[in-house]
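Listed here are the chains, written in short residue letters.
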Amino acid sequence: MKKFILSFFSVILLSGCAIFEQSGPIHIKIHDSENETIKEVSQHIEGTKELYDSVVVAADSTLVISYKVKHLYRFEMKSIEKKMKNWLEEKYPEKEIVLSSDYKIFIELFEFSDQWNKGNLNEKDALDEVEKIIQLKKEMT
Amino acid sequence: MTGNWIKQSKDAADQHEIKRPVLKNCIKAFLVGGFICFVGQVVTLILILFFPFTEQTASNPTVAIMVFFSMLLTGFGFYQKLGQFAGAGSAVPVTGFGNAVVSAAIEHRSEGLVLGVGGNIFKLAGSVIVFGVISAFFLALIKTILIQIGVI
Numbered sequence: 001m002k003k004f005i006l007s008f009f010s011v012i013l014l015s016g017c018a019i020f021e022q023s024g025p026i027h028i029k030i031h032d033s034e035n036e037t038i039k040e041v042s043q044h045i046e047g048t049k050e051l052y053d054s055v056v057v058a059a060d061s062t063l064v065i066s067y068k069v070k071h072l073y074r075f076e077m078k079s080i081e082k083k084m085k086n087w088l089e090e091k092y093p094e095k096e097i098v099l100s101s102d103y104k105i106f107i108e109l110f111e112f113s114d115q116w117n118k119g120n121l122n123e124k125d126a127l128d129e130v131e132k133i134i135q136l137k138k139e140m141t
Numbered sequence: 001m002t003g004n005w006i007k008q009s010k011d012a013a014d015q016h017e018i019k020r021p022v023l024k025n026c027i028k029a030f031l032v033g034g035f036i037c038f039v040g041q042v043v044t045l046i047l048i049l050f051f052p053f054t055e056q057t058a059s060n061p062t063v064a065i066m067v068f069f070s071m072l073l074t075g076f077g078f079y080q081k082l083g084q085f086a087g088a089g090s091a092v093p094v095t096g097f098g099n100a101v102v103s104a105a106i107e108h109r110s111e112g113l114v115l116g117v118g119g120n121i122f123k124l125a126g127s128v129i130v131f132g133v134i135s136a137f138f139l140a141l142i143k144t145i146l147i148q149i150g151v152i
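Residue numbers (UniProt numbering), protein chains in the order written: chain L, 1 to 141; chain B, 1 to 152.
Next comes chain B alone, as it looks inside the complex (with noise of 0.2 Å):
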């Protein structure tokens, strides 16, 4: 009896529910998160054309240089409305990491600096730093073993 209940109630709220435009979302997502790997390629080849960086050693100043921009906009309150609009696509790219840092630290600025700020600017962020320092370090570990056993 109360199997069947539940499977009614589901079943009206599933005809009430708004579907989720998935297509839409993944285009938008696409075309603003190629957006910013396009302006990314901009400042790389800026770099490379008016100061000593190759390609090789211009990928590093390029990441800081996105995030800073990513923090920027941020701050100003551009970057929330990108990303409400485009989800994933600015999301994922590296400036989401930007974001991620400034909107922690501005929604907890009324708590004080110390505790506010520092305490909650790596709240979203962290993750991204911890996960990437322990697959950096495994990665490293991997590569030194098979440089010391010969195969590469």
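Next comes chain L alone, as it looks inside the complex (with noise of 0.2 Å):
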């Protein structure tokens, strides 16, 4: 019974490690004509030292960024968020931007995009997905 118990627990404790792993920055364009701002965004964020993962999400009128801050920078998280946005906003004046620490925004992009590279979705239903996702972003309660 004490193994039991035992093993149920770290399990449960070990699955907290999930949320620390890291998915490999993925870069998704729905039109082929945001090859450059995929770059330029991807560096900018490589070159930023709290950031460890990323998906990006480029479509003509929008542009979804998620990221993960590394644990010893989450208490500057507002102050981060707020350098990123301030950067694509004059980077991309004419983009929506939307721009997201939020786990669950992370998993919901980077499901999306395995659906993308699989091919199961043309640009209508990606744009709607995306779409989705952000309408999930500006929920609130």
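Hint data in this document are derived by calculation from the structure and do not stem from the laboratory. Note that the structure is a prediction, hence the values are computed from the model and not measured. The hints are all genuine.
Label-pair distances were calculated between CB atoms; the ranges are:
no., chain 1, residue 1, chain 2, residue 2, range
1, L, ASP60, B, PRO52, 22 to 32 Å
2, B, LEU139, L, LEU13, 33 to 43 Å
3, L, ASN120, B, LEU124, 50 to 60 Å
4, L, VAL11, B, PHE76, 22 to 32 Å
5, B, LEU72, L, VAL11, 18 to 28 Å
6, B, LEU124, L, TYR73, 38 to 48 Å
7, L, LEU13, B, GLY3, 58 to 68 Å
Note that CB positions come from ideal geometry on N, CA and C, so glycine has one too.
Join the two chains into one complex using the hints; note that each chain is given alone, in its own frame.
Right, dumping it as structure tokens:
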């Protein structure tokens, strides 16, 4: 019984580590014209030492970015987000920019990228899906 | 003369008093409170992974679920034992709220449903609600004023 309880709790405890796992930087362009954007943004994210994992989705009108913040820098999350937002808005004033460090948004974008790379989605479906994720991010309660 | 007598008896009482193990109590409270928060974190993670909640929106349902858990545990009689062992460690997290509500309801069950349970259910937890609402009101007031002025 004791062994069972111990193993049960260790499984739960260790499964928490999955959050910090790096899924690798992922870049998706829905329209081919966004090659340049993706390159610039991913370079900027790589240059930021507080971040370690990112998903960038670029369409003609929107730019969705999700990132993970290194644990020691989580106290500065607000200022990191502000810096990123300012940089992006200056660089791409004509785009709607959605920026999130939320884990849920990260998972959703990751799943979306999976679907997209398998070729299950056409352009319209992809835009709908991205719109859904943006709505989820805007939800407050 | 009387002052001397009071001092003497106080000294005698102090000699026989058992010292409170403050450090031990603190460690117990820390461990149990931390464990409760750990369970809360697991609930949050489950809500994020399997339900459409984000990190920001998952906190409210997590609180509700934790209160529900502690209500169940109180009803089955486990939470009292935990409270005796951990003290503030089990009372300070939000689970203490559920415990306060249900234990008051159980205590006054014999006085009937309306005047007993209904009248006394918020006997202990009522102050949490009152001061929570009041402080939320004033904080919202301050925030509104600051936004109107343009500070935030």
